[in-house]
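Engineer: In terms of UniProt numbering, the sequence shown opens at residue 1 and continues consecutively.
Certain hints may be false.
Said to hold, decoys possible - In silico DSS-like pairs for lysine-lysine, Cα to Cα no more than 27 Å straight-line:
id	residue 1	residue 2
1	K147	K167
2	K147	K178
3	K63	K4
Since the hints were derived computationally from the structure, they do not count as laboratory data.
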Amino acid sequence: MDFKAGEIFAIDKPYRISSFGALAHVRYVLSRTLGYKVKIGHAGTLDPLATGVLILCTGKATKRIEEFQGQTKEYTATLQLGATTASYDMEHEVNALFPTEHITRELINDTLPQFIGDIEQIPPTYSAVKVNGDRAYELRRAGEEVKLKSKHIHIDEIEVVDFDVEKMQLSLRVVCGKGTYIRALARDLGRALNSGAYLTALRRTRVGDFTIDRCLDYEHIREWIE
Numbered sequence: 001m002d003f004k005a006g007e008i009f010a011i012d013k014p015y016r017i018s019s020f021g022a023l024a025h026v027r028y029v030l031s032r033t034l035g036y037k038v039k040i041g042h043a044g045t046l047d048p049l050a051t052g053v054l055i056l057c058t059g060k061a062t063k064r065i066e067e068f069q070g071q072t073k074e075y076t077a078t079l080q081l082g083a084t085t086a087s088y089d090m091e092h093e094v095n096a097l098f099p100t101e102h103i104t105r106e107l108i109n110d111t112l113p114q115f116i117g118d119i120e121q122i123p124p125t126y127s128a129v130k131v132n133g134d135r136a137y138e139l140r141r142a143g144e145e146v147k148l149k150s151k152h153i154h155i156d157e158i159e160v161v162d163f164d165v166e167k168m169q170l171s172l173r174v175v176c177g178k179g180t181y182i183r184a185l186a187r188d189l190g191r192a193l194n195s196g197a198y199l200t201a202l203r204r205t206r207v208g209d210f211t212i213d214r215c216l217d218y219e220h221i222r223e224w225i226e
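Modelling step: build the complete structure from the supplied sequences, incorporating the hints.
Structural biologist: Pasting the structure below:
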């Protein structure tokens with residue numbers, strides 16, 4: 001393998017590590033093992049609380065990052081219905097509770113189609129979207145109010161994998177295009193169900209042709225190189 005000329009591979013990003021942190025670790029291991037500084041970038045940010053496929057490009061292959069960012073992605077997501085958090089995931093504590101007695105599998109099945117196809121979606125304010133040069137999540141953490149504009153996105157498929165009516169936990173498989181926030185989908189689905197929702201788990205299982213079973217183990221990058 002020639003990491004200077006350019007290599008493309010994917011890792012399974014662990015839980016509670018940022019995409020940049022995972023990238024920095026791989027860069028460090030590559031540079032230490034190979035004996036020279038490796039140019040490397042990732043093709044599509046994953047939230048720290050999400051796991052799964054993170055494509056990495058080295059050397060001249062970094063020119064293909066935008067190409068991979070535009071490819072179709074697939075996720076598995078678990079939503080807690082009946083509550084919300086500020087970030088729409090488990091980064092923050094629950095800030096509101098909502099009724100769930102009316103939510104049935106039939107209602108969910110009837111509601112999901114409105115999120116399939118070309119739709120408008122407002123990104124979560126706790127996100128890396130830039131507002132006048134600053135990251136939205138940095139402004140929120142500084143106590144500032146943030147309003148983001150909706151973005152045009154495309155969702156190909158949403159499939160119910162499981163629905164636990166007692167715990168009000170919903171598991172979905174989502175196939176979508178560039179720029180889709182699954183946390184925002186959870187927020188909007190909760191509202192469409194006349195309730196609330198936030199993510200308790202998120203895993204990216206595919207980006208283009210890179211599937212989770214093709215990913216390298218984050219903890220064993222050095223062994224893979226050697």
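Engineer: Given the proposed pairing of K147 with K178, does the C-alpha separation stay at or below 27 Å?
Structural biologist: holds, 21 Å
Engineer: Within 27 Å, alpha carbon to alpha carbon, are K63 and K4?
Structural biologist: The given pair, whose Cα atoms are some 13 Å apart, holds under the 27 Å limit.
Engineer: Has the given pair, K147 with K167, been kept, meaning a C-alpha gap of at most 27 Å?
Structural biologist: violated, 32 Å
In the structure shown, a violation is registered for the earlier hint numbered 1 alone.
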